[in-house]
Amino acid sequence: MIFGRYVSGDSFIHKLDPRDKLISATLIIIISFLANEPLSALILGLICLLILLVSKIKLLFFFRGIRFFLIMIAFTAILQLLFANNGEELFSVGPIRITSFGAKIASLTFFRFSLAIIIATLFTLTTSMIQISDAVGYLIRPLKIFKLPVDDIVLTLSIALRFIPTMLQEISTISDAQKARGSSLNSRSIAKKIKAIVPILMPLFIASVRRAEDLATAMIMRGYSDGKNRTKFRIMKWKNRDTLIILFLLFLLIFFGITKK
Amino acid sequence: MSNKALEIKNLSFKYRHNSKETLKKINLSVEKGKWLSILSRNGSGKTTLIKLAAGLLENSSKGSIKIFDQEVNQENFASIKEHIGMVFQNPDNQFVGPTVQDDVAFGLENKSIERNEMIERVDSALKDVEMIEFANREPNSLSGGQKQRVALASVLALQPDIIILDEATSMLDPKGRKSLLKLVQKLRSQYKITVIAITHDIQEIEQSDQVIIIDGGKKKLEGKPAKILIEDEKLESFGLEVPFTKRVRKRLFELGIILPNDYESKEMVANKIWKYYSKM
Ligand SMILES: Nc1ncnc2c1ncn2[C@@H]1O[C@H](COP(=O)(O)OP(=O)(O)OP(=O)(O)O)[C@@H](O)[C@H]1O
Ligand SMILES: [Mg+2]
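Residue numbers (this note's numbering), protein chains in the order written: chain Z, 1042 to 1302; chain L, 20 to 299.
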């Protein structure tokens, strides 16, 4: 499973502004819901393929990573194909009737959901967590009008993200320690498993409380009071190419919107 | 600026829900640019003492705490913490940023420092701690010693007058410990920083100008490391490990070989033994 993973690189796609990538990914998914005929589907499919190639992500790695989703989507599509009854009959085998309508919605379902998964995966593969949180933080800035402490939320989010690997490591250390003491973590019985989880969660919880205290002290001593009036070290640079990409997608959106039957 | 980095007079402290006082009538003074080591067994109030000194705990006793002649209290907290940088025991718990350079920049961002200056200061702090090649690394790809260097850089970028190390080397391996100490020593003389270090490490104590031992909330011993480290019976009674060289000297004494009775580093004792040996 590679959805949510980041593979660092320096491709054109990696270097795009994360805000651009976030907006563009959303736009492409919206457009895919307007595209309901082979030509527009083909155009979108080609766009995805282009992004995938430009991002220099290995095709085999990519499709293996999303294989599970694709199979699930295909399964759903096949069910639609089998059970949709209206429309012209194309052919029938025993009790199963395949209709033109069924074929149409099945292919649309497969196309739209696969495209959404592909685009979302491409986004997370080429954009680091911290860039995503910066981009989200920027895009929700208008919510400041409603007194939402956007800067604090973004900082909290970025600290939380920073500690995920640390905590995962801690979990594995603690569970190794518990296993060494004969914990039944690998036992088949669910009840035993749940019982074995408690002695892992407790030390983790205590360590986290201690960590939060240390972290708060460290932040205070380094002059943190609240999100206001902080300058930014990490900046995002919006370039002309980012504007062009958005304009192109908006054009597609409008075009497909108008020509939609 | 005054010559006294820290001056504590008659300081007592009790946590609200504790029945006993954690600190009892502590007096202490550290001159600018000196290195003070604070020694004691676990739970005897070292962290409490430095938290009070930094204004992180409220001093409700009649005693006084001054940082460069300024009284430490709630009103002065903002200017007190400008003087002080702290490095803690656990390397992970003080790493705020997603990458090394972001972490060093964190304190500068808080002080609304303009971005170009920020980049310069982050760079120079990372060079100072020899971590510049790691600027883009994430914390999880660093060793404990490297994380402590980053913590030191984060503090240095804010140009403190006093650096407080709360068992900052205790989770490091001997090599990491040695190199961090060397670094602190170098930075101290380069920037005239006062160092206050809580420690159990003999090497760290050897490097300092002044040592105090706290036990049961009271200051029990104070002096130069050479003087403190020969008091082995007392050290032992405070639950501290007696230095290796001292134990060697004692064993030799029992065998009828007398080495001069003042504390010296391992290398010097080894030298003396060599000399003695070649005379035999
Ligand atoms: N927030 C608190 N509330 C109540 N009591 C506390 C608090 N923090 C510490 N203490 C108690 O105060 C005493 C001194 O604690 P302190 O952390 O200062 O010791 P220490 O010398 O730093 O110990 P260590 O070597 O373990 O770091 C301990 O008995 C501790 O239980
Ligand atoms: Mg402590």
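No lab work stands behind these hints: they were computed from the structure.
Please note that the accuracy of each hint is not assured.
Below are the DSS-like pairs computed for lysine-lysine, each with C-alpha atoms no more than 30 Å apart in a straight line [unchecked claim]:
{"id": "1", "chain 1": "Z", "residue 1": "K1188", "chain 2": "L", "residue 2": "K146"}
{"id": "2", "chain 1": "L", "residue 1": "K201", "chain 2": "L", "residue 2": "K81"}
{"id": "3", "chain 1": "Z", "residue 1": "K1056", "chain 2": "L", "residue 2": "K146"}
{"id": "4", "chain 1": "L", "residue 1": "K33", "chain 2": "L", "residue 2": "K253"}
Results for each hint:
| no. | hint | verdict |
| --- | --- | --- |
| 1 | Z:K1188 <-> L:K146 | violated (41 Å) |
| 2 | L:K201 <-> L:K81 | violated (38 Å) |
| 3 | Z:K1056 <-> L:K146 | holds (27 Å) |
| 4 | L:K33 <-> L:K253 | holds (26 Å) |
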